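Quick mapping for you: the protein sequence lines, in order, are chains A and B. Counted the way the working numbering counts, the first sequence spans residues 1 to 346. Counted the way the working numbering counts, the second sequence spans residues 1 to 261.
FYI, nobody ran anything at the bench for these hints, they're computed from the structure. Quantities reported herein were computed from a predicted structural model and do not represent experimental measurements. Heads up, the beta-carbon is just placed ideally off N, CA and C, and yes, glycines get one too. Mixed in with the good hints there might be a few duds.
[Claimed, not checked] Straight-line C-alpha distance at most 16 Å; calculated EDC-like pairs for lysine to aspartate or glutamate:
| id | chain 1 | residue 1 | chain 2 | residue 2 |
| --- | --- | --- | --- | --- |
| 1 | B | K96 | A | D165 |
| 2 | B | K218 | B | D148 |
| 3 | B | K153 | A | D209 |
| 4 | B | K12 | B | D28 |
| 5 | B | K174 | B | E136 |
| 6 | B | K207 | B | E33 |
| 7 | B | K96 | A | E166 |
| 8 | B | K7 | B | D68 |
| 9 | B | K112 | B | E129 |
[To be verified] Covered by chain A, according to a simulated footprint, are these stretches of chain B (three or more residues, beta-carbon under 8 Å):
| id | stretch |
| --- | --- |
| 10 | 90 to 102 |
| 11 | 204 to 214 |
| 12 | 234 to 240 |
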Amino acid sequence: MMEQLLLNFLSSYQIQVLSFIGIFTILAISLDIVNGYTGQFSIGHAGFMAVGGYVAAYLTFYHQVPFILATLAGAFAAAFFGLLIGIPTLRLRGDYLAIATLGFAEIIRVAILNLDVVGGARGFAGIANLSNFDIVLVFTLVSFVLLFNFTRSAYGRALQSIREDEIAAECMGVPTTYFKVLAFVIAAFFAGIAGSLYGHYLMFLHPNDFGLLRSIEILLMIVLGGMGNLWGAFLGAIVLSILPEALRTYNGIVYTIIVVYLIGVVISYQKGRYSLLKWITGIVIAGLTVAALLIFGKDIIVKYAGQMRMIIYSVLLILMMLFQSSGLIGLARDLAKPLSRKLRGA
Amino acid sequence: MLKGLKKLLELKAVSKNFGGLRAVNHVDMFVPEGGLYGLIGPNGAGKTTIFNLITGIYEPTEGEIIFDGENIGGLQPHVISRKGIARTFQNIRLFKELTVLENVLIARQAFKGYGLISAMFRLPKYYREEKKIKEEAMQILSLLGIADKANFKAGALPYGEQRLTEIARALALKPKLILLDEPAAGMNPAETENLMELIKRIRSDFKTSVLLIEHDMKVVMGVCEYIYVLDYGSLISEGTPEEVSKDPKVIEAYLGEQLNA
């Protein structure tokens, strides 16, 4: 329905990008439950996505299981793996947990590479096209609402208390190990859903889609958007789904440079006192830089377009980490404050 | 005088070693139901270690910790806290990024009456129980006079109010025993006066027993009925404030520090 409606305004390519925003939103908000809310550092989210995707695809391919049931089965399988991995590894802290989750995701990937029944290294081809924009939209909305409610309940508060101070949380009656495992299992469940949507959308799965880079991509979304805030994760998913697509073309690169530059200007200026003059100066400087790039840099940009993508990615993230640790959502909030104060005439 | 009281918490020959260091050495002490007891001693005497042993952060090397007739030595902290022991920390450990209200609500976690499904789908039960625990939390905040700070980030409050928030959070567990670790530290004289009133009120309003670690002698001598004195991990004296303040061993342990009883 929505897809038909959108086709009037957007190309099917653009609708595909929107669909991926939805899938990555589910991945980002679920990872945010573990990394942002509970404060545990997991970088193996792609592993759970793979479990969900492959289990669901196996069921629809070999047993013609209805899509919804297959997706739920994939999600439960991923959640089961979450439990399996969570119980031993969540006793680890910080770097050690990160390495353990990373190792888990690699084990899953290598295991699938050697599983002939789902195509092994050739990839799993011929998956039915059971997922489309509408279905992704519904799953994304439902996932967002469920996880949002979850974070705003006693459960969410318990997770945040672990992030803030584990010992104090224990002393206030919060069974921290239980809640850490619960967070992990729930995150894995939704990653499994995303995996199924992904597989049935592309009609093809390959183990290498679920490598370290994919896990890091999801992690970057929540870091960029702002950890511990589902809206931030959503924002991060939007930006990092559109950005790589935008960076495919010369114009896209230029626009991206403008946006990144503006964000940089805003971040550096909001540290001091807010003033209109600073804003204007920033925009003028940004405009001049872009003009210079357009006049003198076109050849260079076109020649190195591939590398530009990674450079812009890195610069953006370094900027965020250094100056805006609360992410895009924090930036938006900080900007809204002085603006609304101005509007109220204070 | 001690014989007639019902023991709520009792430490029986409790010791704690850290490697070769004996931080707590054969300590015998108890807190009766409804008691307001103090634990004092110079820096490094092992007072906070005793709190950590009672609340399960450390496991005792030797001895038993009996609470309400049950040995709780070595149980996990969240199990012990649900049995009715709440505490505050010497160096405030609030959930800084959360609001004052949320801090208190977390302590009501154990009493939430809804499950994961109610939470995710916002079933009527969720609204009913959230409303109930929020009212209870606000009630505690009002009693401590910080209800107007309910929606402030805990980490943004001034020091004295952070201390009060910690006490509110501990009280939200509805404990039978509350352990206060230097609640007057960093408070100004006026705040300290209020705190002394508050500690007495905690016992009467919340019907809990109190065990207090405090450096401010004025507070300890002013509110406690009975005081244990610890030095180098061992009890060197115990008794009423008058008895303890006249004990030469205590005076020697504090060496020059004045006991203004």
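Hint check:
1. The hinted pair formed by B:K96 and A:D165 meets the criterion: a straight-line CA distance of about 9 Å does not exceed 16 Å.
2. Annotation: proposed proximity of B:K218 to B:D148 is violated, straight-line Cα distance about 29 Å (limit 16 Å).
3. Restraint check: the Cα-Cα separation between B:K153 and A:D209 comes to about 41 Å, which exceeds 16 Å; the hinted pair is violated.
4. Proposed proximity of B:K12 and B:D28 is supported: the alpha carbons are some 5 Å apart, at most 16 Å.
5. About 10 Å separates the Cα atoms of B:K174 and B:E136, which keeps this hinted pair within 16 Å; it holds.
6. As the CA atoms of B:K207 and B:E33 are separated by approximately 9 Å, the hinted pair is consistent with the 16 Å bound.
7. For the hint linking B:K96 to A:E166, the alpha-carbon distance of about 12 Å falls within 16 Å, and the restraint holds.
8. Proposed proximity of B:K7 and B:D68 is supported: the alpha carbons are some 8 Å apart, at most 16 Å.
9. For the given pair, B:K112 sits about 7 Å from B:E129 by alpha-carbon distance, which is consistent with the 16 Å threshold.
10. Here's how the stretch 90 to 102 of chain B fares: 7 of its residues keep a CB closer than 8 Å to some CB of chain A, so the rule of at least three is met and the hint holds.
11. Only residues whose beta carbon comes within less than 8 Å of a beta carbon in chain A count, and the stretch 204 to 214 of chain B has 0; fewer than three means the coverage is violated.
12. Counting residues of the stretch 234 to 240 of chain B whose C-beta lies closer than 8 Å to any C-beta of chain A gives 0; at least three are required, and the coverage claim is violated.
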